[in-house]
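**Q** Working from the sequences, and respecting the hints, build out all of it.
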Amino acid sequence: MHLKVLGQDKPDRGCSSGGCGDSANRSSHLPKALRETAHNHPCYSEEAHHHYARMHVAVAPACNIQCHYCNRKYDCANESRPGVVSELLSPEQAVKKVIAVAAKIPQMTVLGIAGPGDPLANPERTLSTFRRISQEAPDIQLCVSTNGLALPALVDELCEHNVEYVTVTINCIDPEVGAKIYPWIFWKNRRIKGVKAAEILIEQQQKGLEMLVERGVLVKVNSVMIPGVNDGHLKDVSKVVKAKGAFLHNLMPLIAEVEHGTFYGLMGQREPTRNELRALQDECAGDMNVMHHCRQCRADAVGMLGEDRNDEFTLDKIEGLEVDYERVREDRRQVHVAIDANREAQKTRSGETFISLTQIKRPGKPLTKDESRPVLMAVATTARGLINQHFGDAREFLIYEATATEVRFVEHRKVDRYCFGGDTCGDAEAALRKTIRTLTGCEVVLCAKIGYEPWVKLEDAGILPNGEHAMEPIEEAVAAVYREMAADGRLNLPLPFGRQMTA
Amino acid sequence: MAFTIIEGCVKCWACEPLCPSRAIYEARPYFLIDPNKCTECEGDFADPQCASICPIEEVILDGSGVAVNPVGSLTGIPLGRIEAVTAEIRAR
Chain A
5 MHLKVLGQDK
15 PDRGCSSGGC
25 GDSANRSSHL
35 PKALRETAHN
45 HPCYSEEAHH
55 HYARMHVAVA
65 PACNIQCHYC
75 NRKYDCANES
85 RPGVVSELLS
95 PEQAVKKVIA
105 VAAKIPQMTV
115 LGIAGPGDPL
125 ANPERTLSTF
135 RRISQEAPDI
145 QLCVSTNGLA
155 LPALVDELCE
165 HNVEYVTVTI
175 NCIDPEVGAK
185 IYPWIFWKNR
195 RIKGVKAAEI
205 LIEQQQKGLE
215 MLVERGVLVK
225 VNSVMIPGVN
235 DGHLKDVSKV
245 VKAKGAFLHN
255 LMPLIAEVEH
265 GTFYGLMGQR
275 EPTRNELRAL
285 QDECAGDMNV
295 MHHCRQCRAD
305 AVGMLGEDRN
315 DEFTLDKIEG
325 LEVDYERVRE
335 DRRQVHVAID
345 ANREAQKTRS
355 GETFISLTQI
365 KRPGKPLTKD
375 ESRPVLMAVA
385 TTARGLINQH
395 FGDAREFLIY
405 EATATEVRFV
415 EHRKVDRYCF
425 GGDTCGDAEA
435 ALRKTIRTLT
445 GCEVVLCAKI
455 GYEPWVKLED
465 AGILPNGEHA
475 MEPIEEAVAA
485 VYREMAADGR
495 LNLPLPFGRQ
505 MTA
Chain B
132 MAFTIIEGCV
142 KCWACEPLCP
152 SRAIYEARPY
162 FLIDPNKCTE
172 CEGDFADPQC
182 ASICPIEEVI
192 LDGSGVAVNP
202 VGSLTGIPLG
212 RIEAVTAEIR
222 AR
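Going down the list, the sequences are from chains A and B. If you number the first sequence the way the numbering used here does, the last residue is 507 and the count never jumps. If you number the second sequence the way the numbering used here does, the last residue is 223 and the count never jumps.
For the record, the hints were derived by calculation from the structure and aren't laboratory data. Treat the numbers as computed from the prediction; the structure is a model and nothing was measured. Mixed in with the good hints there might be a few duds.
Just some of the chain A residues that point at chain B, by a computed CB distance under 7 Å [said to hold, decoys possible]:
hint	residue
1	Gln-70
2	Cys-71
3	Ala-183
4	Pro-187
5	Phe-190
6	Lys-192
7	Asn-193
8	Ile-196
9	Arg-274
For each residue, glycine too, the CB sits at the ideal point set by N, CA and C.
**A** So this is what it looks like as structure tokens:
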């Protein structure tokens, strides 16, 4: 029997269980080889991000433009956002770090250069890092992100250096909008300001995008959603970049905390709400693949998307490390074979689950409209697409939406860990309250284990903790819980507080 | 006359490769300009290159000691805004 793959029958929705980026229907305008390339890139494929890790090396500090959401004082160990790093690396140091990470985290498949400035404003440092990696560790895929200004001039060199993925940040296609985002660019030996600057930047971005697509490079477009500035305009951006052959559109919320010292932060520009972002993502998803799982990571992040293990690989820790890469490469290959086998098995099982899910019937009664209403569930997971994390250890929850016909990944929500133990227990209660607030709108939280106290508090808040699906694949478990809810008649109960706003 | 880099430079390397006189060099805690080599780009470019790409206000001074990029000129953040906001945060 042919099992139905989820999400393919609903092309107008966001992420399905097939995952952002690699769901066949929305990338069908791309050649098959291109679609398969994204299979192991955790950012380009939502499904892959449960299994594979990435790393950034901070070799590119210079920038050729200023964005109003960026503060060029990039040196910060504690902030987690793009454009921030704790130590700059030379290309030699970067290669050493990549090899060290490849050996210790074999599921790391992609090396990206993402700053803390613009990688293509540092062409020598960026390209020399890529050249060395493609010689010394050819099994690692190369990725770069850029504002696009220097892209047309460097496209061919990127291809020569085996760069397979390029992310271009495109916030606008209208220079009038651009002038409110970019105060200046450095172009042809001059600093240029205002609408003229935005016009040049936009022209280079679009040209760069076209050139990459022509050469078969997989392009992700990042857009920062800035309420009142470009929020209404990004639908048009999405249409244009899709028409030009971009693979994936990543619509990200503006980060504008006043402490970050950016123009927007200091001038009181507000960030979009979670619901505004989701509405925009859903709107754009009709046209193209939309990414929902971006963590807006630092320019030196290491590990799975939801974690940062950079601390394990600081220069002092990797100094003097000797790695036999031939041996490491073979180990990595075996790990990847095992991961892919596991992924295939999960996909098949999810397919079966959904076949049965659509056939839920209580004796004599077909499902009513209420019984098929969507339910949000929060999931605590570290990797492998499994429910494998203790509630108290979770630093983020993945939010899934279940309906009678599909389970789709919606977003991630970050939380402070509450399970500190010891002296900090006083803060634990406050942290738990915050976590519960973060889960507003969810009706169930799935985790490997959960303590008595949080269990009670979650229940009081109308969120049902569930540890019965520990170590099971996420989507299968979410579907099973939805089925239980339907069978128990719980889908007829009124929506919990907060759900109305997010539905 | 020569330009000077002062405290506040974030060592981003943007200026170094642009200098037509190779006068800029990496130093601690911030980059420096060799006054014997700096020509203020005269004869090479219409605008001084280091000061045209530098993202940090007030860290490059011209020959007479005046900041080429005064507060607000690059970021658009008006003079006194950071101080006002910092005071506001402390008061909370």
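**Q** With reference to the structure, classify each hint as holding or not holding.
**A** Tested hints:
1. Gln-70: Status holds, d = 6 Å.
2. Cys-71: Result: violated, 10 Å to nearest chain B Cβ.
3. Ala-183: Interface hint status for Ala-183 (chain A): violated (11 Å vs cutoff 7 Å).
4. Pro-187: Holds. Min distance 5 Å.
5. Phe-190: holds (4 Å)
6. Lys-192: With a closest approach of 10 Å, the Lys-192 (chain A) hint is violated.
7. Asn-193: holds (5 Å)
8. Ile-196: violated (9 Å)
9. Arg-274: violated (15 Å)
Consistency note: the structure conflicts with the earlier hints numbered 2, 3, 6, 8, 9.
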